[in-house]
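**Student:** Starting from the given sequences, assemble the full structure and let the hints guide the process.
From first to last, the protein sequence lines are chains P and Z.
Here the numbering used here = 1-based position in the first sequence + 32.
Here the numbering used here = 1-based position in the second sequence + 1.
Simulated from the structure, these hints should not be mistaken for laboratory data.
Every residue, glycine too, gets a C-beta built ideally from N, C-alpha and C.
Please note: incorrect hints may appear among the correct ones.
Here are the in silico distance ranges between beta carbons for each label pair [unchecked claim]:
1. 147(Z) <-> 220(P): 31 to 41 angstroms
2. 310(P) <-> 120(Z): 53 to 63 angstroms
3. 297(P) <-> 194(Z): 52 to 62 angstroms
4. 199(P) <-> 194(Z): 46 to 56 angstroms
5. 440(P) <-> 65(Z): 23 to 33 angstroms
6. 296(P) <-> 147(Z): 44 to 54 angstroms
7. 484(P) <-> 300(Z): 45 to 55 angstroms
8. 175(Z) <-> 217(P): 49 to 59 angstroms
9. 327(Z) <-> 310(P): 23 to 33 angstroms
10. 313(P) <-> 309(Z): 51 to 61 angstroms
11. 487(P) <-> 309(Z): 28 to 38 angstroms
12. 147(Z) <-> 484(P): 49 to 59 angstroms
13. 441(P) <-> 161(Z): 48 to 58 angstroms
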Amino acid sequence: MRVVVIGAGATGLGVAWDLALRGVDVVVVEAHEVGVGTSGRFHGLLHSGGRYLVTDPNAAQECYRENVLLRVIAPNAVVATGGYFVKKYGDDDNFERRWTHQAEALGVPIREVPPAELRQALPMLTPDIERAYWVPDGVLEGFRMLTMLVAAIQARGSRLLERTRAVGIRTESHRVTGVEVEGPDGHRTLDCDAVVNAAGPWAGLVAHDWGIDVKVQPSYGLMLIFANRRMDQVVNRLKLPSDGDIFVPHQEVVILGTTDVAQPCPDAPEPDRLEAIRLMSLGAELVPDLGSWRVLRGFNGVRPLYEPSGLTDDSRTVSRDFAVLNHGDRDGLAGAFSVLGGKWTTFRLMGEVLGDKLAESLDMRLPSRSADTVIEAHRTTQATSRRHPVDRGALLCECEGVYESDLDNETASQTQMRFGTWFSMGPCQGTFCAHRVLGRRSAAQFAQEMAWLRHEREHGLNVVGWGSNARLIALEQATKAQTLAEDLS
Amino acid sequence: MTVSVLVVGRGPAGLLSASYLRQRGFDVTILADADGTMSMWSGDFGFGRSADAFESFPVKLSQSSWVAAFQGLVDIFDSFGVPLRLAPPGVILRTVTATGNLRPTFAVPAWQYASVDPEDLIIVGIAGLADSIADAQAVSYRNHVRREAIVVKLTRPPGWDPGWGAIRFASYLDTRAGLAWFTRELGAQLRHAPRGVPVIVPQILGLDTTVEIVAHLAGELGHPIAEFPLLSPSVGGVRIRDRWERSLRRLGVHFITGRAQRVSPTATAMTDDGREFAADYVLLATGGVLGGGASVTIDGAIIDDLVNRELGKMDDVQSLDRVGHPDIDCIGGGRVLAVGRALGGWNPNKDHNGGAMVLGSVHMALSMISED
Numbered sequence: 033m034r035v036v037v038i039g040a041g042a043t044g045l046g047v048a049w050d051l052a053l054r055g056v057d058v059v060v061v062e063a064h065e066v067g068v069g070t071s072g073r074f075h076g077l078l079h080s081g082g083r084y085l086v087t088d089p090n091a092a093q094e095c096y097r098e099n100v101l102l103r104v105i106a107p108n109a110v111v112a113t114g115g116y117f118v119k120k121y122g123d124d125d126n127f128e129r130r131w132t133h134q135a136e137a138l139g140v141p142i143r144e145v146p147p148a149e150l151r152q153a154l155p156m157l158t159p160d161i162e163r164a165y166w167v168p169d170g171v172l173e174g175f176r177m178l179t180m181l182v183a184a185i186q187a188r189g190s191r192l193l194e195r196t197r198a199v200g201i202r203t204e205s206h207r208v209t210g211v212e213v214e215g216p217d218g219h220r221t222l223d224c225d226a227v228v229n230a231a232g233p234w235a236g237l238v239a240h241d242w243g244i245d246v247k248v249q250p251s252y253g254l255m256l257i258f259a260n261r262r263m264d265q266v267v268n269r270l271k272l273p274s275d276g277d278i279f280v281p282h283q284e285v286v287i288l289g290t291t292d293v294a295q296p297c298p299d300a301p302e303p304d305r306l307e308a309i310r311l312m313s314l315g316a317e318l319v320p321d322l323g324s325w326r327v328l329r330g331f332n333g334v335r336p337l338y339e340p341s342g343l344t345d346d347s348r349t350v351s352r353d354f355a356v357l358n359h360g361d362r363d364g365l366a367g368a369f370s371v372l373g374g375k376w377t378t379f380r381l382m383g384e385v386l387g388d389k390l391a392e393s394l395d396m397r398l399p400s401r402s403a404d405t406v407i408e409a410h411r412t413t414q415a416t417s418r419r420h421p422v423d424r425g426a427l428l429c430e431c432e433g434v435y436e437s438d439l440d441n442e443t444a445s446q447t448q449m450r451f452g453t454w455f456s457m458g459p460c461q462g463t464f465c466a467h468r469v470l471g472r473r474s475a476a477q478f479a480q481e482m483a484w485l486r487h488e489r490e491h492g493l494n495v496v497g498w499g500s501n502a503r504l505i506a507l508e509q510a511t512k513a514q515t516l517a518e519d520l521s
Numbered sequence: 002m003t004v005s006v007l008v009v010g011r012g013p014a015g016l017l018s019a020s021y022l023r024q025r026g027f028d029v030t031i032l033a034d035a036d037g038t039m040s041m042w043s044g045d046f047g048f049g050r051s052a053d054a055f056e057s058f059p060v061k062l063s064q065s066s067w068v069a070a071f072q073g074l075v076d077i078f079d080s081f082g083v084p085l086r087l088a089p090p091g092v093i094l095r096t097v098t099a100t101g102n103l104r105p106t107f108a109v110p111a112w113q114y115a116s117v118d119p120e121d122l123i124i125v126g127i128a129g130l131a132d133s134i135a136d137a138q139a140v141s142y143r144n145h146v147r148r149e150a151i152v153v154k155l156t157r158p159p160g161w162d163p164g165w166g167a168i169r170f171a172s173y174l175d176t177r178a179g180l181a182w183f184t185r186e187l188g189a190q191l192r193h194a195p196r197g198v199p200v201i202v203p204q205i206l207g208l209d210t211t212v213e214i215v216a217h218l219a220g221e222l223g224h225p226i227a228e229f230p231l232l233s234p235s236v237g238g239v240r241i242r243d244r245w246e247r248s249l250r251r252l253g254v255h256f257i258t259g260r261a262q263r264v265s266p267t268a269t270a271m272t273d274d275g276r277e278f279a280a281d282y283v284l285l286a287t288g289g290v291l292g293g294g295a296s297v298t299i300d301g302a303i304i305d306d307l308v309n310r311e312l313g314k315m316d317d318v319q320s321l322d323r324v325g326h327p328d329i330d331c332i333g334g335g336r337v338l339a340v341g342r343a344l345g346g347w348n349p350n351k352d353h354n355g356g357a358m359v360l361g362s363v364h365m366a367l368s369m370i371s372e373d
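**Tutor:** Okay, here's the thing in structure tokens:
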């Protein structure tokens, strides 16, 4: 049996992984590159469910279950940091009561933490904290998980086609028999027994191409990345989920999230400076000294929320839960499925539920194995592989420690390579390393790849151009315009 | 009575001011913190993209003053051992960047490659040097000028390790063994190359003996040979800084290490550790946002903290365009003058005129001081 999955983000790769483990021949088609949508643009929180206890109990329960599971099956991509929910004086007492009650009812473990213990763990937090609770939040290293998933599905014989866009489907008597794609090799048809729409915020457009109406409610959120890992645990504000109320330590940085703005289109908008300033002042309610932290960049991620009843203006009220649609039952198009909504934390579960429905509809007995199969660390994502180098070549990216020998996978897209190595993601944001790395990848593609990366880095940098970061921007602009004369090319 | 001038900053504008002022007999003190921006600069003086830039330039000097200024520049650089090459009248020189783009310039150190007309080149790639991407550089160069770019590659030198940056390579070439290695390896690679075609190499030809190395290689290899600059910290800037500052000290310029915190309209500077320096004039050569002479607040205002002036805002596309003082007489009263690459609303990154902005503003400041 062959299934085409549209979209190589967390959803699509989660689906592909679950299906591949069932022995299905999977082809993942990705219009751009792996993880360029929502999956590469999130704060990195491995949800304990704490954030949704009151507003979204179903999502909370699923998050907690998957949180526990992912620690076992993907230990190389999750870090059990733990997290805190903190209530400031004046925050709603009633919300706190409902929250602790729900935690007990849903089985999400929480523990009240004495203020002194909290201050010791997180001395940068405001002293105005009335109560704090520990929760099993963690960090999900999205780039690493994506890289591991790609390697894992390829190792099982499934394929990933990047820069390949699904442009239509072929049907015979109301049943899908193939997917039309356009890619580097031109237009062709991939024969299949089923197709899965896992396009995240673009899922509404994909369904539309099939003549099916699916209500996706994209909503973007701005996040800010701060240099240095200034805290080791996740910090949430104990109140109704809102803007600027969560800090996540992610590798060497801390990420502050997020805003939540409903939008009609699936593409992430350019980050906005005024919004960044607002996020800074909201973050300062928890970390009073936030203004002195060096901020590296801002970025927008787009949540692919699913709203069965249609578009809304208030995206905070849309469920964070996911849905699997069998378009055979729903719309009379057999063999077509959509996976909608959900969280990075629940990507595996989404794959399992989709796999079950798909297997059932095709009347095949193929049980899911993704809950008890370890996703192996990919070679280049394994920290240990760097310890015994034969010859690493020149040091190309000082910020992230990337050497010439780390560029050995010539077939990887630029995004895959960046997710694998983190080059250009450190304090210099590619100012010094972009030409070194891209110049070695491909002489012919060099100019385009440079222009793309510079643009991508700059629009995240400029939005937070103040303090010491403004000086980096000046250096980046001078290096680009003067030393390398890129604007004259 | 000798007129005293306090120059704040030791980048190109600060050192150039000090040179000219000392030549004219002023008592000169440079107050600067440890860094300076010389290592961000490879030594070329941009004058805009076209040869008629004299007319449109924001710093108003007569054409004859410009010519005299450039000649004075050549003399100053000569005096500390850095020969400059000037563009012939009415034309612009073009240098080649590490990524194979062309960059307009007006004066460059003779060790740097520059030409009036595009020509065929041999580009040297060096294994183990991170900034060396000869294949990609050659493709860009060919696309820009439709001339040939032949790539030759050298292997890593003996004793190399991954920590070798351009400065380490350059100091290796200052040694007898390093120069022998380079001459031998490059000679072998050029054996089949067409004779006489100019060879360009990454900027690693020594820190102390560059002029001699270039002459030696040209003689041994039978090709003109010159460098293209790499990213900061630039070997070219380090070479110039070391020679220039040594020469200024010899000429009696005082260097004081400290970070200026406030400059008053009466030409008194205070450092962040509480020292005060009074002079007849203060020249602010503090370098805008890049040099650390201006900061950007969270709401986008660009402020010169020394004189507490707002210089502008980050613009609509959030680029740091207007980062300099609108006027050379930057707080009125004529005793605190701003010099440097960003002045009067011009953007040297866009206009490629940073070198001439430095030169022109220093000359205007000079004439304002001399007239008093």
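**Student:** Are the hints correct? Go through all of them and say.
**Tutor:** To see whether the hints hold, each was checked on the structure:
no., hint, verdict
1, 147(Z) <-> 220(P): 31 to 41 angstroms, "holds (37 angstroms)"
2, 310(P) <-> 120(Z): 53 to 63 angstroms, "holds (55 angstroms)"
3, 297(P) <-> 194(Z): 52 to 62 angstroms, "holds (55 angstroms)"
4, 199(P) <-> 194(Z): 46 to 56 angstroms, "holds (50 angstroms)"
5, 440(P) <-> 65(Z): 23 to 33 angstroms, "violated (60 angstroms)"
6, 296(P) <-> 147(Z): 44 to 54 angstroms, "holds (46 angstroms)"
7, 484(P) <-> 300(Z): 45 to 55 angstroms, "violated (30 angstroms)"
8, 175(Z) <-> 217(P): 49 to 59 angstroms, "holds (53 angstroms)"
9, 327(Z) <-> 310(P): 23 to 33 angstroms, "holds (31 angstroms)"
10, 313(P) <-> 309(Z): 51 to 61 angstroms, "violated (25 angstroms)"
11, 487(P) <-> 309(Z): 28 to 38 angstroms, "holds (36 angstroms)"
12, 147(Z) <-> 484(P): 49 to 59 angstroms, "violated (25 angstroms)"
13, 441(P) <-> 161(Z): 48 to 58 angstroms, "violated (25 angstroms)"
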